[in-house]
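Each chain, written out:
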Amino acid sequence: MDELYSLTCGQIRKLYNSNKVSPAEVAESVLKRIDAVDGKIGALVNVNKDSIKSQLLSIKDKKNGAFYGIPVVIKDNICVKGEGTTCASLILKDFRPPYSATVIERLRQEGAVLIGKANMDEFAFGSSCETSCYGPTKNPWDLNRIPGGSSGGSAASVCADETIAALGSDTGGSIRQPASLCGVVGLKPTYGRVSRYGLIAFASSLDQIGPITKNIEDAAILMNVIAGYDPKDSTSAKIPVPDYTKSLVNDVKGLKIGIPKEYFVEGLDREVEAAVKEAIKKLESLGARCDEVSLPHTRYAVSAYYIIAPAEASSNLARFDGVRYGLRSRGPKAANQHLIDMYKETRAEGFGNEAKRRIILGTYVLSSGYYDAYYLKALKVRTKIKEDLDNVFKEFDCVLTPTSPTPAFKIGEKLNDPLSMYLSDIFTIPVNLAGIPAISMPCGFTAGGLPAGLQLMAKPFGEETLFKVAYTYEQNTQWHKRKPRL
Amino acid sequence: MDYEIVIGLEVHIHLNTASKMFCGCSTKFGGQPNTQTCPVCLGLPGVLPVINEKAVVLAIKTALALNCKIARFTKFDRKHYFYPDLPKNFQISQYDKPLSYEGFLEIDVGSSVKKIGLTRIHLEEDAGKLIHREHGDSSMVDYNRTGIPLLEVVTEPDLRSPQEAYEFLVTLKNSVEYLDVSDCNMEEGSLRCDANISVRPLGQKTLGVKTEIKNMNSFKAVRLALEYESGRQIGLLGEGKEIVQETRLWDGALQATSSMRSKEEAHDYRYFPEPDLLPIVPDEMLIEETMRGLPEMPRRRRQRLIEIYELSEYDASILAREKKLADFFEETVREVNKPKIVVNWITGDLLGILNEKGLSLGDICFGPGDLAQILTMIGDGTLSGKQAKELLKEAVETKKRPADIVKQKGLSQITDEAAIEGAVDKVLSMNQKAAGDFKAGKEAALAFLVGQVMKETKGKASPAIVNQTLRKRLI
Chain C
1177 MDELYSLTCG
1187 QIRKLYNSNK
1197 VSPAEVAESV
1207 LKRIDAVDGK
1217 IGALVNVNKD
1227 SIKSQLLSIK
1237 DKKNGAFYGI
1247 PVVIKDNICV
1257 KGEGTTCASL
1267 ILKDFRPPYS
1277 ATVIERLRQE
1287 GAVLIGKANM
1297 DEFAFGSSCE
1307 TSCYGPTKNP
1317 WDLNRIPGGS
1327 SGGSAASVCA
1337 DETIAALGSD
1347 TGGSIRQPAS
1357 LCGVVGLKPT
1367 YGRVSRYGLI
1377 AFASSLDQIG
1387 PITKNIEDAA
1397 ILMNVIAGYD
1407 PKDSTSAKIP
1417 VPDYTKSLVN
1427 DVKGLKIGIP
1437 KEYFVEGLDR
1447 EVEAAVKEAI
1457 KKLESLGARC
1467 DEVSLPHTRY
1477 AVSAYYIIAP
1487 AEASSNLARF
1497 DGVRYGLRSR
1507 GPKAANQHLI
1517 DMYKETRAEG
1527 FGNEAKRRII
1537 LGTYVLSSGY
1547 YDAYYLKALK
1557 VRTKIKEDLD
1567 NVFKEFDCVL
1577 TPTSPTPAFK
1587 IGEKLNDPLS
1597 MYLSDIFTIP
1607 VNLAGIPAIS
1617 MPCGFTAGGL
1627 PAGLQLMAKP
1637 FGEETLFKVA
1647 YTYEQNTQWH
1657 KRKPRL
Chain Z
414 MDYEIVIGLE
424 VHIHLNTASK
434 MFCGCSTKFG
444 GQPNTQTCPV
454 CLGLPGVLPV
464 INEKAVVLAI
474 KTALALNCKI
484 ARFTKFDRKH
494 YFYPDLPKNF
504 QISQYDKPLS
514 YEGFLEIDVG
524 SSVKKIGLTR
534 IHLEEDAGKL
544 IHREHGDSSM
554 VDYNRTGIPL
564 LEVVTEPDLR
574 SPQEAYEFLV
584 TLKNSVEYLD
594 VSDCNMEEGS
604 LRCDANISVR
614 PLGQKTLGVK
624 TEIKNMNSFK
634 AVRLALEYES
644 GRQIGLLGEG
654 KEIVQETRLW
664 DGALQATSSM
674 RSKEEAHDYR
684 YFPEPDLLPI
694 VPDEMLIEET
704 MRGLPEMPRR
714 RRQRLIEIYE
724 LSEYDASILA
734 REKKLADFFE
744 ETVREVNKPK
754 IVVNWITGDL
764 LGILNEKGLS
774 LGDICFGPGD
784 LAQILTMIGD
794 GTLSGKQAKE
804 LLKEAVETKK
814 RPADIVKQKG
824 LSQITDEAAI
834 EGAVDKVLSM
844 NQKAAGDFKA
854 GKEAALAFLV
864 GQVMKETKGK
874 ASPAIVNQTL
884 RKRLI
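Protein chains in written order, with my numbering: chain C, 1177 to 1662; chain Z, 414 to 888.
In case anyone wonders, no lab produced these hints; they're calculated from the structure.
The model shown is predicted, which means the values in this text are computed figures rather than measured ones.
Beta carbons: idealized from backbone N, C-alpha and C, even for Gly.
Be aware that a few hints might be false.
Below, in silico cross-link-like pairs of lysine to aspartate or glutamate (EDC-like), each with a Cα-Cα straight-line distance of 20 Å or less [unchecked claim]:
id, chain 1, residue 1, chain 2, residue 2
1, C, Lys1520, Z, Glu678
2, C, Lys1556, Z, Asp509
3, Z, Lys873, Z, Asp793
4, C, Lys1239, C, Glu1201
5, Z, Lys510, Z, Glu569
6, Z, Lys492, C, Asp1548
7, C, Lys1520, Z, Asp681
8, C, Lys1453, C, Glu1468
9, Z, Lys528, Z, Glu580
10, Z, Lys627, Z, Glu678
11, C, Lys1509, Z, Glu466
12, Z, Lys488, C, Asp1548
13, Z, Lys586, Z, Asp571
14, C, Lys1408, Z, Glu466
15, Z, Lys467, Z, Glu697
16, C, Lys1225, C, Asp1211
17, Z, Lys482, Z, Glu697
18, Z, Lys737, Z, Glu769
19, C, Lys1414, Z, Glu537
20, C, Lys1414, Z, Asp696
21, Z, Lys510, C, Asp1548
22, C, Lys1520, Z, Asp498
23, Z, Lys441, Z, Asp596
24, Z, Lys751, Z, Glu723
25, C, Lys1553, Z, Glu697
26, Z, Lys618, Z, Asp415
27, Z, Lys627, Z, Glu577
28, C, Lys1560, C, Glu1571
29, C, Lys1408, Z, Glu537
30, Z, Lys492, Z, Asp681
Between beta-carbon pairs, the in silico distance windows are [stated by the list, open to error]:
id, chain 1, residue 1, chain 2, residue 2, range
31, Z, Thr811, C, Pro1274, 46 to 54 Å
32, Z, Met673, C, Asp1226, 46 to 54 Å
33, Z, Met704, C, Asp1427, 53 to 61 Å
34, C, Pro1594, Z, Gln617, 52 to 60 Å
35, C, Val1441, Z, Met673, 54 to 62 Å
Take the sequences, apply the hints, and build the full model.
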């Protein structure tokens, strides 16, 4: 038998059902794997070694739970009561929330075992996991390369078998891009499908929590656990949650898939392009109809995003001021007791460069006199982008694109070139602006052995379509079975 | 040169919901610091607000009563500024789509009525309270108040004197009390007021440069601050100086305003729509139902009191100002159908006692039934007017029922003619001169004799019977 840590939720559930292994053995296997490989990868910022025993005790009566005994890693911007939750930022160093996020409550209710917290770009600002105050996470396929971001720790931990599944958050591609770069599955659910209560907000109108898993089935299982209306989140939808595992059907016959021409342009890596086009052919051979479509406003998506997201971020991050929790500067001026100086020095010390860049940008675009020219205009672009997609979904069941224009790049390569870094999310950002669901899954490898990913989008609350198409593709390919040599 | 004063007010009113605007914490006043807080109102990382629907209903009720239009689409916005009493460093408020707009409130100005325009009424959350230690080097923050639902009422610059501003506030407070949506207690901070004031030469159309006055903790302080500030502004203009647009603080001890921050230092609040909350589209049915359920407001009630009970304008005004007082009156009249007598007892004696003790109707146990009892006892001759007044005072002070006091003290009036005749005889024998005077036609002598009989009976004799008996004897 394969090592337990390398299995999927689906496989482990079968073993539990036939009483072949216990949650303790699975947890132990995962912890051993973490000990063995995380030194190289740096995916986790905190491993709950001390609490595993008590967690195993408390799930004893949850054998029927949908996530019973499954180890899961949580991105470090999701609050877990009493456990460090830092957003990989110095300003939240030592912060322990007195409450848990709704997704955590749901996981615990269904018997999950929380293994630890995953590294990320500071406050989810980044596409490479390099802006973390803990230092970068490395891509398990090539330790000189980034794992993608911001949920880079979550994706790398799944990829390196340091966990069975993980939760990430996605504001502009932060689940899908690292999933693509690490060769795993990542789903950004419809805005409102999963409660955001307890997710430390980056951009409230774009953020969604979602699963990062080893295959499509696991993503469906994890979605069954975390999706659904939450009275604590006014933006969560009062729409019933289907059993997503019922969409795991190996059949795409008659389905219409749109291929937007705006996504196959200059800047797209040739090998990635080839892999995605090969995938299109595969789906066609399985009975899907793939036609070119146009999403004309795609080219404005990154610009609009870099106004809306920083605007909301500058507001959401205003609360980190040293008054109540987190870092309080002991700097020279803060010591002279002036409130303004304490604010300034705390925020200067506590936030990294990218966070500062976005706070400044967001503050600027919301300033009186600039609001209409920037923020309001960006909102109009956002509406146009959504209209483009609405139109396509009138005729097509889903849209297929590359997830990221390039495979994983080298650590340090884009860190000082924010524009080029921002362009890593060029294909994922429109999905967040439109509030629709999208999934990334592996669809090939470059000659250098780096994973390439494809992205499927569907209309709002069309997760079932995504699972169906993705599952069919996965059942007829072998990409998800490859593992990095560590 | 003569100047015209132009004033606009911003009034903040705590809504009396049981829980806060965006979380389930209690809104009760006076708890130990930071005991009525939760992750949501403390603005901890990751929390989300949820709208208290009761607050929205109360806000709609108030807006309708103040003749406002209700927006069919309204939303919340974030208003940003850094201050330790604001845990998120933004306040959830309303910016360009307030809940209601274009209302008015009528106030009395001398003998005429003036309509004061209301620009808007919107909902927001309150901030916490900083407690500055007198000795020591730190300040403390109490977040119990953080997140309490606030109604902000903004007037047009329609007020023309500090007295009008005062009158507006009193009328607004009365209206809000009628609606039972707020405690309106300025000491507890459940009603607060800022003022914008400018002056201009009489006849000039354009507005002068305004200042905003803050930190006034009573209606009287508002009037005093505006009197001071208008004087200051007129003085400056008189000297040929310019008025600086700024925010000024009223100092009650110094009885003066002083500069807090200039226009350049003013905050840029960077408003933008609150992404964590959905816009509100008020239900038409709810608006209609609320409209139908509105109580009678003070001015209409005053009119009705005049028409139905034939009260004077003055008496009706006093009663209608305070809902509880008008209710007290109408309930008493229901039992003792003598409106004029009842109103005199309420506005004269009862309010006199309350004023003297610094109490309000809500503070005492004395109810309409108790007053009715006293008035009935006067009517059937059990009590004299003087006894009744003493009884009222005692009942208010001791919280005892009037009938019990009468029984306990044997306070009833002597109506037994034989007993009174005995007293009359005694008095007449001791005051033969006065008796002679009366017989000689000096009417005033009778009053003296009545007084002596009353004294003899320790005030218990019925004055009417004493009077009769004396006349009978002396003629």
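Each hint, compared with the structure:
Pair hint lysine 1520 of chain C plus glutamate 678 of chain Z holds up; C-alpha atoms about 17 Å apart against a cutoff of 20 Å. Between the alpha carbons of lysine 1556 of chain C and aspartate 509 of chain Z the distance comes to roughly 17 Å, so the proposed pair stays at or under 20 Å and holds. For the proposed pair lysine 873 of chain Z and aspartate 793 of chain Z, the alpha carbon gap of about 14 Å is at most 20 Å, so the pair holds. A hinted pair counts as satisfied when its Cα atoms are at most 20 Å apart, and lysine 1239 of chain C with glutamate 1201 of chain C qualifies at roughly 15 Å.
Using a Cα cut-off of 20 Å, the hinted pair lysine 510 of chain Z and glutamate 569 of chain Z holds, with the two alpha carbons roughly 17 Å apart. Proposed proximity of lysine 492 of chain Z and aspartate 1548 of chain C is supported: the alpha carbons are some 16 Å apart, at most 20 Å. The suggested pairing of lysine 1520 of chain C with aspartate 681 of chain Z holds, with an alpha-carbon distance near 17 Å, which does not exceed 20 Å. Taking the CA atoms of lysine 1453 of chain C and glutamate 1468 of chain C, the gap is near 12 Å; set against the 20 Å cutoff, the hint holds.
This hinted pair checks out: lysine 528 of chain Z and glutamate 580 of chain Z have alpha carbons roughly 12 Å apart, not beyond 20 Å. Under the criterion of a C-alpha separation no larger than 20 Å, the hint pairing lysine 627 of chain Z with glutamate 678 of chain Z is consistent with the structure, at around 16 Å. A hinted pair counts as satisfied when its Cα atoms are at most 20 Å apart, and lysine 1509 of chain C with glutamate 466 of chain Z does not qualify at roughly 45 Å. A C-alpha spacing of about 18 Å is found between lysine 488 of chain Z and aspartate 1548 of chain C, which places the hinted pair at or below 20 Å, so the restraint holds.
Proximity of lysine 586 of chain Z to aspartate 571 of chain Z is assessed by CA-CA distance (about 18 Å); at most 20 Å being required, the pair is judged to hold. A C-alpha spacing of about 14 Å is found between lysine 1408 of chain C and glutamate 466 of chain Z, which places the hinted pair at or below 20 Å, so the restraint holds. Restraint check for lysine 467 of chain Z and glutamate 697 of chain Z: the C-alpha separation of about 16 Å stays at or below 20 Å, so the hint holds. For a cut-off of 20 Å, the pair hint linking lysine 1225 of chain C to aspartate 1211 of chain C stands: about 11 Å separates their Cα positions.
For the hint pairing lysine 482 of chain Z with glutamate 697 of chain Z, the CA-to-CA distance comes to about 12 Å; that is within 20 Å, so the pair holds. For a cut-off of 20 Å, the pair hint linking lysine 737 of chain Z to glutamate 769 of chain Z stands: about 19 Å separates their Cα positions. With a C-alpha separation of about 26 Å, the suggested pair lysine 1414 of chain C and glutamate 537 of chain Z falls outside the 20 Å cut-off, and the hint is violated. For the suggested pair lysine 1414 of chain C and aspartate 696 of chain Z, the alpha carbons sit about 19 Å apart, so the restraint of at most 20 Å is met.
Of the supplied pair hints, the one linking lysine 510 of chain Z and aspartate 1548 of chain C holds, its CA atoms being roughly 16 Å apart against a limit of 20 Å. With a C-alpha separation of about 17 Å, the suggested pairing of lysine 1520 of chain C with aspartate 498 of chain Z holds against the 20 Å cut-off. Our distance criterion of 20 Å between C-alpha atoms is met by lysine 441 of chain Z and aspartate 596 of chain Z, whose separation comes to about 11 Å. This hinted pair checks out: lysine 751 of chain Z and glutamate 723 of chain Z have alpha carbons roughly 11 Å apart, not beyond 20 Å.
Distance restraint check for lysine 1553 of chain C and glutamate 697 of chain Z: the Cα-Cα separation of roughly 32 Å exceeds the 20 Å cut-off, and the hinted pair is therefore not satisfied. A threshold of 20 Å between alpha carbons decides the hint, and for lysine 618 of chain Z with aspartate 415 of chain Z the separation of about 14 Å falls inside it, so the pair holds. Among the hinted pairs, lysine 627 of chain Z with glutamate 577 of chain Z is consistent with the structure: their alpha-carbon atoms are about 18 Å apart, no more than 20 Å. Only pairs whose Cα atoms come within 20 Å are accepted, and lysine 1560 of chain C paired with glutamate 1571 of chain C is accepted, the gap being roughly 18 Å.
With a CA separation close to 19 Å, the supplied pair lysine 1408 of chain C and glutamate 537 of chain Z stays within the 20 Å bound. Between lysine 492 of chain Z and aspartate 681 of chain Z the alpha-carbon distance is near 9 Å, which keeps this suggested pair within the 20 Å criterion. Roughly 50 Å separates the CB atoms of threonine 811 of chain Z and proline 1274 of chain C, a value that falls within the hinted 46 to 54 Å. The supplied range of 46 to 54 Å is met by methionine 673 of chain Z and aspartate 1226 of chain C, whose beta-carbon atoms lie about 52 Å from each other.
In this structure the hint that methionine 704 of chain Z and aspartate 1427 of chain C lie 53 to 61 Å apart at CB holds, the actual value being about 57 Å. Look at proline 1594 of chain C against glutamine 617 of chain Z: about 54 Å separates their beta carbons, and that is inside 52 to 60 Å. Separation of valine 1441 of chain C from methionine 673 of chain Z is about 56 Å and conforms to the stated range, judged on CB atoms against 54 to 62 Å.
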